[in-house]
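S.K.: Okay, here's what each chain looks like letter by letter:
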Amino acid sequence: MSNDVWALAELSNGKLASISLQLASKAAELAGAFGGESTALAFGVTTAAAAQELGACGVKTILASEGAVYDQYLVQPHAETLATLIQQRQPKLVLFGTTNYGRDVAARVAARLGLGLEYNVGDVAVEGGEVVMTVPAFGGSQSVKMAFQGEGTKLLGARPNAFPTNRIGGTAAVEQIPAPSAPAKGAKVSGPFGTEGAEEAGHLGKAPDGHDIWMPAATRAKLEEAQIIVSGGRGLGGPENFKLVEDLAAALGASVGASRAAVDAGWIPYTHQVGQTGKTVKPTVYIACGISGAVQHKAGMGTSGLIIAINKDKDAPIFSFCDLGIVGDLTVILPQLTEKVMARKGA
Amino acid sequence: MKIVVCMKETPSTTAEKRFGPDMRLERRKEDAIINPFDEYTIEEGLRQQEKHGGEVIALCMGPETASDTIRKALAMGADSGVLVSDPALAGSDAIGTARVLAAGLTKIGFDLALFGSAAADSYGGVVPSAVAELLDLPLLSFASKLDIEGGTAKIQRQAEVGYNEVEAATPALVSVVKSINDPRYPSMKGIMQSKKKTIETWSLADLGLVAATVGAGAAGEQALGAEKVSTTRKGEIYQGNDGAADRVIAFLVEQKIL
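Chains A and B are the protein sequences, given in the same order.
For reference, each letter of the first sequence is one residue, going 1 to 347 in our numbering.
For reference, each letter of the second sequence is one residue, going 1 to 258 in our numbering.
Bound conformation, chain B alone (with noise of 0.2 Å):
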């Protein structure tokens, strides 16, 4: 089975975040993560070739650097990885991204394409969703456990309270949240093996695509202004457990709470 799973470099989340005069992110090497959500990705990618035989491949779009993050996939595990990097991706919006992953996995081609449910700086969690629609495939999204047999995938689909089982016909997308697993750490040997693989990178040309159609240009929305967001609340603090439920009750009922 080939197994392509699709991942984000982000910022970390501790990492100061600053925008340019340009009102996009100052992307600063050291602070460059793998997407939290997309561990999980990988981990599931991994357990999925397990059962199944076949290729795992990590496919990113992202600055030349994150070629260092998807790395760390191979270190995980992943065969190989695939970038897409070009400097007219620039300021591309969730769509023009969609353009560019879905380009690339039919380019690559694959049984099974896995995403994270969304990525920890944006929290947009649409990509997968638009690249299904430009593939003309179902996406099983937020799936907390994935079964493939026999040519369908079915999947645990999170809901408010239990879940739905939801199935499609291989090639299929899935989205899935991190209930799914727990993603293991690269062990030394892996991380040893990852310097031996291969990543390749594309540019817009490779992948058949013209820059009218992606980057900052193509984007339907743009940033006006951004500013830090300063929601202290000076409330009263109370010290000790001596009376510290009355406090609170009194507290509810004075609010009219209780």
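Just chain A, same shape as in the assembly (with noise of 0.2 Å):
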């Protein structure tokens, strides 16, 4: 077995998704403590551009490869070319992220392979030649130390933004592989539209009667990705006051999250929902209305850069985790603050 360590890219239509960026950071610098190479893998429809901004991380080579099968069958051919390339080359350690695709692949290929495989990564150190692994636990309110055990490269699953990305400068070499087959007993993706269009731009796809449904403009950047997030919970009351939310997380350019009670009631869809359940985020800032902050919502968000949460009830857990509180009524602080923001962003 070498001493190299891997980063699989997460690409949708030629697309990086901002992990892969701190994967491949990650990997430059493990492999450096451990004397081996860096390595990206990229699999997708295109590559190239995201070959670019992957060796920019540090990553000395890009395994890519290019197919209209990656796009077309949910991650079987993707775990067929990571499998191969694991098996021909030995690497000690493969980074995937924590997210809906890297844990696919990565429990396709850990299984086929036997390998040991670690997922929600918070941490990484090297103690000893091997990595020592921070991994919360019951919703945050543990952490525990893990290593891994046994023969064979390994499988490290990192929670989102758990690693920095370090755009460090440098051009990688490129070596193509070629891309499986289609798979014989596939899931094939059927549409009605792809990931990229809604992704990108906020188009949820046609109405049946053709005009176009786009997300409301606030709530479109990626929470993971969001660097200031307004959240949402039960104390707002009702659906009816999550526009107050939306409003100020509109004029400070934020994206908007929620607590699960909030999802649960109905009131925003299942994929703004943060913590335990839901998506781990962490903004420079994160403004909490009317969350009472139970450890499960904490375990995704606890680690943002500021928090600021505002409740009516001065009892709640989150008055312990924040960085400024306010105990008074959101319907209404949250209009004055929305206002507020836009006179200053207009002066």
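Think of the hints as simulated: they come from the structure by calculation, not from any bench.
Ideal placement from N, C-alpha and C gives every residue a C-beta, glycine not left out.
Be careful, since some hints might not be right.
[What the hints assert, rightly or not] The calculated lysine-lysine pairs, modelled on DSSO-like cross-linking and capped at a C-alpha distance of 30 Å, are: (1) A:Lys243 - A:Lys222; (2) B:Lys29 - B:Lys197; (3) A:Lys188 - B:Lys51; (4) B:Lys234 - A:Lys340; (5) A:Lys188 - B:Lys145; (6) B:Lys195 - A:Lys188; (7) A:Lys185 - B:Lys256; (8) A:Lys188 - A:Lys145; (9) A:Lys314 - B:Lys256; (10) A:Lys222 - A:Lys15; (11) A:Lys145 - A:Lys15; (12) B:Lys196 - B:Lys256; (13) B:Lys228 - B:Lys107; (14) B:Lys256 - A:Lys222; (15) B:Lys234 - B:Lys2; (16) B:Lys256 - A:Lys243; (17) B:Lys107 - B:Lys195; (18) B:Lys17 - B:Lys51; (19) B:Lys17 - A:Lys314; (20) B:Lys228 - A:Lys312; (21) B:Lys107 - B:Lys145; (22) B:Lys195 - A:Lys222; (23) B:Lys228 - A:Lys345; (24) B:Lys228 - A:Lys314.
[Unchecked claim] If you anchor each label on the Cβ, the simulated ranges turn out as follows: (25) B:Gln222 - A:Glu225: 27 to 35 Å; (26) A:Asn166 - B:Thr201: 32 to 40 Å; (27) B:Arg24 - A:Ser2: 50 to 58 Å; (28) B:Gly208 - A:Asp313: 26 to 34 Å; (29) A:Met342 - B:Gly240: 20 to 28 Å.
Both chains are given apart, each in its own frame, so use the hints to dock them into the complex.
M.R.: As structure tokens, then:
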């Protein structure tokens, strides 16, 4: 086995998900610590632009595989290529993202080759030539130190935003790998619209009468990549007040998040949920509106740069982990705040 | 249609969590619940049965006491249950668990195998895909809608914004997200009937698996230690509506956000 460290990039129609750069940056760092080479893997319809971005994060080589098959089928072609490459080249470690894509690919590869697999890793240290991983457990209330055991390549799944992106500059050598044929028993993407148009521009698709459906502008930015998030919870009292959260988000140029309670109440779709069973976010500023701050919610936002909490219940747990807490009425404060933000931005 | 719902027993979210000296969770029976995600799985199995007929079987790997948790699935309406329980399974990792579920699914036989998209204790979400690989079958993952017609399962797969449509021929595996349905509560009649329903308990030998491929010894990872996380922040607390918006603005300006 080599001392090489690989990073599995995530592409959709040739466009990189931001976690790919976080993984590539960490792969370059860990390969240095192990005295091996760093490599990023990019499987998709087109890979040239991705290879350039990944190379700028310090990885030495890109294993690029191009083919329509990667977007036509869920993960099976990706797992096929990754498993073959691991068998041929025996890297020490493969980093993947603990995302829907990363989970599905890595689990198939680990099951096929019988490899060690860890997920939700929040931090990695190197001790005695091996990785020691910090993994949150039980909704973030416990932190567990994990190590791999046994022989063979190990698969390490990082939580989104666990590792910083370091664009240290550089150009990677690109090696082309042939794409596999379509799987015999595959999960085929059958439409009606791909992820890329929807992700890029907030385009949800076409209504039955042919008109285009768009997400509200304020909610377009991917939560995991947002610099500011305004999040709403049960304390808003009802769906009509969720508009106050969306208005503030629009004024700040922020994304909209939500607690599980707000999602379960049907005020906002599940894709906005922050927490243990939703997204893990790490924005510069997280503004929690009417969110009590259960441990499950904290698991998804506890490492945000700054946390501002607004809640009328002075005993809400969120007031014990915020940088500024406001005990007051959201229906009064949020409209005022939105107006003042807009006034400042206009100034 | 033969539907198998794979489920897990987890400690309740509010239960105090303690690790034993072997770094395994000390499980207490009174804290055990159905993994909350699996309630959606069971519900979806029942709804597909209502449309297509057939039977719903709940499959669970866990300690012997997990039969009480399976009983809750039967109270919701599942027809029978299978518990795979064996002392050799203690400490199994996700891949070990997948080996057991794959063997269980093969022994039972199925047209549709349903999974929750993750379990609320570990939130790994890797078992469904690993099982699919071991069975060499398609996995339709993160489904927010499931339709089955003429031997094809079609899902809406939850994406960042909107969804993708993905389809596969049955037999197939499907993992569901919780926007797919609203799980029912067991009725009194359902609870009474569940007591007469069968739960079979299978050992590793019943599945033709050897202990060396599962359990702590076969796991590719080991826990070195655990600690409670304390992430308290002692921020300023401002009381009252008056001036609150100005205080937030001032804070954002101090922090150079505005």
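S.K.: Work down the list of hints and note, for each, if the structure agrees.
M.R.: Outcome of the hint check:
{"no.": "1", "hint": "A:Lys243 - A:Lys222", "in the structure": "holds (19 Å)"}
{"no.": "2", "hint": "B:Lys29 - B:Lys197", "in the structure": "holds (21 Å)"}
{"no.": "3", "hint": "A:Lys188 - B:Lys51", "in the structure": "holds (24 Å)"}
{"no.": "4", "hint": "B:Lys234 - A:Lys340", "in the structure": "holds (26 Å)"}
{"no.": "5", "hint": "A:Lys188 - B:Lys145", "in the structure": "holds (16 Å)"}
{"no.": "6", "hint": "B:Lys195 - A:Lys188", "in the structure": "violated (41 Å)"}
{"no.": "7", "hint": "A:Lys185 - B:Lys256", "in the structure": "violated (54 Å)"}
{"no.": "8", "hint": "A:Lys188 - A:Lys145", "in the structure": "violated (38 Å)"}
{"no.": "9", "hint": "A:Lys314 - B:Lys256", "in the structure": "holds (27 Å)"}
{"no.": "10", "hint": "A:Lys222 - A:Lys15", "in the structure": "holds (14 Å)"}
{"no.": "11", "hint": "A:Lys145 - A:Lys15", "in the structure": "violated (34 Å)"}
{"no.": "12", "hint": "B:Lys196 - B:Lys256", "in the structure": "violated (66 Å)"}
{"no.": "13", "hint": "B:Lys228 - B:Lys107", "in the structure": "violated (41 Å)"}
{"no.": "14", "hint": "B:Lys256 - A:Lys222", "in the structure": "holds (23 Å)"}
{"no.": "15", "hint": "B:Lys234 - B:Lys2", "in the structure": "violated (55 Å)"}
{"no.": "16", "hint": "B:Lys256 - A:Lys243", "in the structure": "holds (26 Å)"}
{"no.": "17", "hint": "B:Lys107 - B:Lys195", "in the structure": "holds (24 Å)"}
{"no.": "18", "hint": "B:Lys17 - B:Lys51", "in the structure": "violated (41 Å)"}
{"no.": "19", "hint": "B:Lys17 - A:Lys314", "in the structure": "holds (27 Å)"}
{"no.": "20", "hint": "B:Lys228 - A:Lys312", "in the structure": "holds (29 Å)"}
{"no.": "21", "hint": "B:Lys107 - B:Lys145", "in the structure": "holds (28 Å)"}
{"no.": "22", "hint": "B:Lys195 - A:Lys222", "in the structure": "violated (47 Å)"}
{"no.": "23", "hint": "B:Lys228 - A:Lys345", "in the structure": "violated (42 Å)"}
{"no.": "24", "hint": "B:Lys228 - A:Lys314", "in the structure": "holds (25 Å)"}
{"no.": "25", "hint": "B:Gln222 - A:Glu225: 27 to 35 Å", "in the structure": "holds (34 Å)"}
{"no.": "26", "hint": "A:Asn166 - B:Thr201: 32 to 40 Å", "in the structure": "violated (52 Å)"}
{"no.": "27", "hint": "B:Arg24 - A:Ser2: 50 to 58 Å", "in the structure": "violated (33 Å)"}
{"no.": "28", "hint": "B:Gly208 - A:Asp313: 26 to 34 Å", "in the structure": "violated (56 Å)"}
{"no.": "29", "hint": "A:Met342 - B:Gly240: 20 to 28 Å", "in the structure": "holds (23 Å)"}
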